[in-house]
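Quick note, the sequences are listed as chains A and B, same order.
Using this note's numbering, read the first sequence as starting at 431 and increasing by one per residue.
Using this note's numbering, read the second sequence as starting at -6 and increasing by one per residue.
Calculated from the structure, these hints are not laboratory results.
Even glycine gets a Cβ: it sits at the ideal position worked out from N, Cα and C.
Among these hints, one or two may not hold up.
Some chain A residues well away from chain B (every beta-carbon gap over 10 angstroms; in silico) [as the list claims (entries may be wrong)]:
no., residue
1, L541
2, A641
3, I647
4, V767
Here are the computed lysine to aspartate or glutamate pairs in the EDC-like style, where the Cα-Cα straight-line distance is at most 20 angstroms [said to hold, decoys possible]:
no., chain 1, residue 1, chain 2, residue 2
5, A, K762, B, D320
6, A, K762, B, E488
7, B, K201, B, E488
8, A, K772, B, D307
9, B, K439, B, E116
10, A, K772, B, E243
11, A, K625, A, D515
12, A, K778, B, E473
13, B, K201, B, E175
14, B, K201, B, E473
15, A, K639, B, E488
16, B, K439, B, D276
17, B, K201, B, E243
18, A, K778, B, D276
19, A, K762, B, E137
20, A, K778, B, E257
21, B, K384, B, E351
22, A, K625, B, E116
23, B, K244, B, D446
24, A, K772, B, E257
25, B, K384, B, D307
26, A, K778, B, D307
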Amino acid sequence: MLELMVKYQDDLRRTLLIGGVILTILVFVALPTNVIQSGIRLSTPFVLGSLAALIASRAGVLNLAIEGKMLLGSFIAVAVLFQRDLDPAVGVLAATIAGGVLGLIFAILYLQIRVNLIILALALNLFVANATVFFMRTEFGVFGTLADPSIRGLPTYDLPIIKDLPFIGELISGYNGIVYISWMMVVAIWVLLRKTQFGRHIRAVGENKEAAETAGINVTRVQIFALTLSGMLAGFAGSFFSLGILSQFLENMTAGRGWIALTISLFALERPLPAFFTSLFFGFSEALSLDLQNSETVSFLPPDILLLMPQVAAIGALVLVALRIRGSELLKRRQFVAQFSKELGDLKRMVISPGQD
Amino acid sequence: MEETLAVEMRHVRKYFASSNVLAANDVDFEVRQGEVHALVGENGAGKTTLMNMLYGLVHPDHAEIYVYGEPVRISHPDHAIRLGIGMVHQHFKLVPSFTVAENIMLGIEPNQFGFINGKSEAEIVRELAQNFGLPVDPNARVSELSVGMQQRVEILKTLQRDARILILDEPTAVLTPQEVHELYNVIRRLADDGRAVILITHKLLEVKEVADRVSVMRRGKMIGTHDVADVTIRDMANMMVGREVILQVEKQPATPGDVVLKVENLLVAGMGGVPAVFGVSFDVRAGEIFGIAGVSGNGQTELIEAIAGLRPVDGGRIMLLDHDITDVNVRTRRTEGMAHIPEDRMTMGLNLQTNLDENVIVTSYQKPPFSSYGILNFQPMRELAARLAKKYQIASARVGEEIKTLSGGNLQKVVLARELEGEPKFIIANQPTRGVDVGSIEFVHKTLVEERDGGAAILLVSVELEEIMSLSDRIAVIFEGRIMAVLDAADATEEDLGILMAGGTLDKKE
Ligand SMILES: Nc1ncnc2c1ncn2[C@@H]1O[C@H](COP(=O)(O)OP(=O)(O)O)[C@@H](O)[C@H]1O
Ligand SMILES: [Mg+2]
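Using the sequences and the hints, build the whole thing.
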């Protein structure tokens, strides 16, 4: 398997790309409009979450606390609005800030106080999960669900002109603001990484920390910025669950989607555009499994298995990533052997004398 | 009037708690403007650490540092760069996926409101390369460049930051001979421009060829600074390695038997995709000690690890008693008669957190009488440990106690006891007396000679020339991963070995 992957690396990449395109076309042709719309909606937290994960990874920190930061965002968004009759945008803003603050705390604990990354991330995820439950009970006196008529969901917008386009008009128009902003963020993060000085420093730090340091870049500062930005994106993504899909907060509302976002970022090799398309894939599979569970028609697969679809896809993605890394190591070793065996052989032929002894 | 020194470092001290090494012990070092100053010393002497302190990457416990006469405290490379110091590290510090221009301009990108101007970036680099006569393609990806080109990028990187003091850490370690020559020219030119160039190396021929002055370090100490014209390669080698009193070993002439170990055309990768062992061939016979001499860091570690089965082999063959063991696992090698006294007894040779019993059976625990049906039997283990402690005179090894309190010499005896117990046919002894007291040195030497006389084939690696000369029956000299020559110990003089170890050849002198 590994052998084959090494040998056909380019073919594989092409196949994945063509497969992706075919799959996308199939999705758009075969699925009913409402499922596609719900897929795009459901992919939004993945898009934002995977951007959050990749911006941290690009700066050299595997952000295992995305889940916690997202969950915090979902909670804060609702908690701020509770019985205050504010615009839901305020809740989204608060969630973004909260995610950013948590990202900053995470960065300082990890980079300056040097807490072990994995322990820190696990602690943070657990802390947020339990703290949200705790505050729901003590502050709001509710169990499991935090809802109130004062909490309104985000309004949806139709895009002028685009909404009147045949067929695609109804697919890419009619969502709430977070969905559109998530698309813009894909482009914005790409520009940040590719075109700006700060983005280049992030990439240098992530790829070769020592190179960045010897070039006089303040590595810690770059990483703190990146982790804060990552936290903001995650918090923003979290608010989508509680204000974008529903208008309430549920215990453990993110339900592991932060982890899937991390997987998406890994699978997309930490690049924004591939992360966007992978997110769409996960969004569609979630929408599809929801649709099939609710539909009256008997599907050819039992609904329990369909429910597992996103998780199965995630595992498949991780295996592919691992194989890819091992494959490139193998390839390096091959190249070394090929190059220097040849040089050795040439030397042998040149030196006709019997050598030592 | 005396010219101000480019760099002056006084009373520099640095202790690494994590490795318990005093890497700089009251070191003084100075460099003049316009000179090429070689800093030499064996691996681990503390050269890189000293220069990292000048560059702000490592912080000294104590130091007085003057740059162009001004007292400074350098806390970060950023600061060093502002002082006009540039450093090209032993392991290049480049971002592989970036282009040449992106690497050179890293941290000083031309930009407008944070957006990088890629065009002018490439233009700046092209101009820089032209000014210094070091042509590069600004848009080439660094990961696709040859090592020599990557080094050029590193040098340009420091020049773009206007370095007047240039530190090159073992710059020729990874270069081809042609590239080395080009580099020498570049170094000379930069010094003639009035820059101070500090050249770290452990190759003494190189010092003779390019440097004006040389400073020698050994185990964290500065041994001395000399004009290169006043010292010979031999003098420098002596200062570098130092002389340890090694007691003469009593031994009869060897009576070599059949070939036990045969190494053919071995190729092993080292750091950064460069060969560490390049086409090495030799054989070791029963009843002889085959010594490998060389300055440390010339491929000994990789060669031994490949033979012991701890590192993959990239080409060639290893035969043990006519069996091809090139790709065979460690346990099989051991059952076929190999024993290995590793270079580092603390981490590879022993488990310091456990007792003597467990340490002496780690190579045989799976066999009876030490275990039956996968369950360990403690009684035979204890008996063996007690017997070996007596036979090998392992002092104060109280049964059942962690061995970490034992002295270096006693720890080495534990390794020896375990490795030699099964009557091995082939023994690797890698630096068997490093950090061991004089009494234990004698014991180790005597034991190895006894094993030889008992018919074992022994491969000895040591950086102590005297140890190699007093123990070996034949001596191979390794330099940059190649065997320079194999000599009969009886014919080998210290002088010849010294020349070979420094990369020279013997016919040149005749
Ligand atoms: N960061 C570090 N932590 C612990 N020990 C170190 C560190 N850097 C170097 N050392 C130790 O300091 C000694 C000198 O190392 P180094 O300066 O790299 O030597 P050289 O460059 O002369 O080969 C070595 O024994 C090395 O193991
Ligand atoms: Mg060094």
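To see whether the hints hold, each was checked on the structure:
The Cβ of L541 of chain A sits about 15 angstroms from the closest Cβ of chain B, beyond the 10 angstroms cut-off, so the non-interface label holds. Here A641 of chain A does not stay apart from chain B, with its beta-carbon only about 4 angstroms from theirs, under the 10 angstroms limit. With a closest Cβ-Cβ approach of about 5 angstroms to chain B, I647 of chain A is found to fall inside the 10 angstroms limit, against its non-interface label. Annotated as non-interface, V767 of chain A brings its C-beta within 10 angstroms of a C-beta of chain B; the closest such distance is 5 angstroms.
Between the alpha carbons of K762 of chain A and D320 of chain B the distance comes to roughly 19 angstroms, so the proposed pair stays at or under 20 angstroms and holds. Under the criterion of a C-alpha separation no larger than 20 angstroms, the hint pairing K762 of chain A with E488 of chain B is inconsistent with the structure, at around 41 angstroms. With a C-alpha separation of about 17 angstroms, the suggested pairing of K201 of chain B with E488 of chain B holds against the 20 angstroms cut-off. For a cut-off of 20 angstroms, the pair hint linking K772 of chain A to D307 of chain B stands: about 12 angstroms separates their Cα positions.
Of the pairs offered as hints, the one joining K439 of chain B and E116 of chain B is violated, with about 67 angstroms between alpha carbons and a cut-off of 20 angstroms exceeded. At roughly 45 angstroms between alpha-carbon atoms, K772 of chain A and E243 of chain B are farther apart than 20 angstroms, so this suggested pair is violated. Restraint check: the Cα-Cα separation between K625 of chain A and D515 of chain A comes to about 41 angstroms, which exceeds 20 angstroms; the hinted pair is violated. For a cut-off of 20 angstroms, the pair hint linking K778 of chain A to E473 of chain B stands: about 17 angstroms separates their Cα positions.
Taken as a hint, the K201 of chain B and E175 of chain B pair is honoured in the structure, with Cα atoms around 16 angstroms apart against an allowance of 20 angstroms. Restraint check: the Cα-Cα separation between K201 of chain B and E473 of chain B comes to about 18 angstroms, which is no more than 20 angstroms; the hinted pair holds. A distance of roughly 45 angstroms separates the Cα atoms of K639 of chain A and E488 of chain B; the hinted pair therefore is violated under the 20 angstroms criterion. Note on K439 of chain B and D276 of chain B: the hinted pairing is violated, with a Cα-Cα distance of about 23 angstroms set against a maximum of 20 angstroms.
For the given pair, K201 of chain B sits about 38 angstroms from E243 of chain B by alpha-carbon distance, which is inconsistent with the 20 angstroms threshold. Between K778 of chain A and D276 of chain B the CA atoms are separated by roughly 18 angstroms; this keeps the pair inside 20 angstroms, and the hint holds. For the hint linking K762 of chain A to E137 of chain B, the alpha-carbon distance of about 13 angstroms falls within 20 angstroms, and the restraint holds. For the given pair, K778 of chain A sits about 12 angstroms from E257 of chain B by alpha-carbon distance, which is consistent with the 20 angstroms threshold.
Of the supplied pair hints, the one linking K384 of chain B and E351 of chain B holds, its CA atoms being roughly 17 angstroms apart against a limit of 20 angstroms. Restraint check for K625 of chain A and E116 of chain B: satisfied, since their Cα atoms lie roughly 17 angstroms apart, inside the 20 angstroms limit. As the CA atoms of K244 of chain B and D446 of chain B are separated by approximately 9 angstroms, the hinted pair is consistent with the 20 angstroms bound. Taking the CA atoms of K772 of chain A and E257 of chain B, the gap is near 16 angstroms; set against the 20 angstroms cutoff, the hint holds.
Using a Cα cut-off of 20 angstroms, the hinted pair K384 of chain B and D307 of chain B is violated, with the two alpha carbons roughly 41 angstroms apart. The straight-line distance between the Cα atoms of K778 of chain A and D307 of chain B is roughly 17 angstroms, inside the 20 angstroms bound, and the hint therefore holds.
Checked against the numbered hints above, the structure breaks hints 2, 3, 4, 6, 9, 10, 11, 15, 16, 17, 25 and satisfies the rest.
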